[in-house]
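Peer 1: Let chain A serve as the given structure and place chain B on it in line with the hints.
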Amino acid sequence: MKQLRWLVSAGALFAVLVAVEGWPALRDLSMNREWRTVEASTNGASMNGLRLNMQTQVAAISAQKPDRAAVFVRLQMLVTPSAREAWKDCRVSLRGPAGQIWMPVTNTSADGAIKLLSPDGKNHGLCRLFSRGEPEDTETIQADQLFLLPTDSMQELRLHVSGIGTRPHTLSFAITPTVRKFP
Amino acid sequence: MIRARHILPILLGACILGAMMATTPGFDRAFRPLRTTAPSGDLAQGRLHAARFAGWQTADNIAFDVYGAPVTRSTQGIFLIVDVDILNASESIRLAATWQGRSGRRYVQTARADGAPGTFDVRQFHPGIDDKGRAVFELPKDEIEGGTLLLARKGLNILDSELALISPQGMPAQHTTQLRLAP
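Those sequence lines, one after another, are chains A and B. If you read the first sequence in my numbering, its first letter stands for residue 1, the second for the next number, and so on. If you read the second sequence in my numbering, its first letter stands for residue 1, the second for the next number, and so on.
Next comes chain A alone, as it looks inside the complex (with noise of 0.2 Å):
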């Protein structure tokens, strides 16, 4: 009986401990992968008082590399202090059916490519929750991003948009970009 009560008291120890170890290890992951997902509308979404909305997605295909497409979509979000409280950050990112990630292309050739897909012809930047100037209180802010995909794996898109103070939950987009052909 004696022994019976060691047993499970060095197996409660040893329970403690694991959660203990393991419960920052959970968490630090659980704040980088998007286990989630929220079904967000394409006319616009809310988390953690954030309001979103997509305001254009389009896919240049160019003639001479018909095989894949830059995809730009460009986000509209009401920001407020509480929401830059809640969110702390912005990560925008295009997931395929097959479980691919496309990250946001960030080399100077985006900027171009933005600039010519883009309706004002600016590229606003990508998604941040912060403007350049002085944080004002309730703020409209854009953010363009610009992804490079395969043309046949443009079907079932979807775009998740998250932060370190929303993750493992995103909002997920459906998206279905106008396709815009270059000589």
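These are calculated hints, taken from the structure and not from any lab test. Mixed in with the good hints, there may be bad ones.
Lysine-lysine pairs mimicking DSS-like chemistry, simulated, CA-CA at most 25 Å apart [claimed, not checked]:
(1) A/K181 with A/K122
(2) A/K65 with A/K181
(3) A/K181 with A/K115
(4) A/K88 with B/K154
(5) B/K132 with A/K65
(6) A/K65 with A/K115
Peer 2: Just chain B now, with coordinates in the frame of chain A:
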């Protein structure tokens, strides 16, 4: 006899603890990347992408254009230029290449070739788009033969994949006095 019964478990425990302490791997060893090795020309498959050693050449000087301005670099050693096929990416990634010479020394890509066309510092690889990357190293001539190209995700690499692409036998067949790096 009774004293021995008490001392023996303590001694045994001390020995086991000592053995465990002596064989505990260091942080670098415990969290080092998980390496996949492939002979020259074969495909090495990692967690997020696959890669193949496509070709190599050496040069005394390299020349390239950065933002339209011509740049020429010379070296007291030798420039080693390695071309790699990047395939099966499941997530948009940036890669870092390291050359491990026969002596075991590791050489990172020379920052003096940053901005050269096709080099890993300016490249981003996307799912569904098979692509090529180039690494430029500056190293002693005797570190080329028998060397290995190590490819890993850019940034901190803990327990993620590292592809080791073994170079072909001998020295690169092509040596140029002044090599122009073109896209």
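Peer 1: Hints broken by the structure, by number, lowest first?
Peer 2: Of the numbered hints given earlier, the structure breaks none, since each of them holds.
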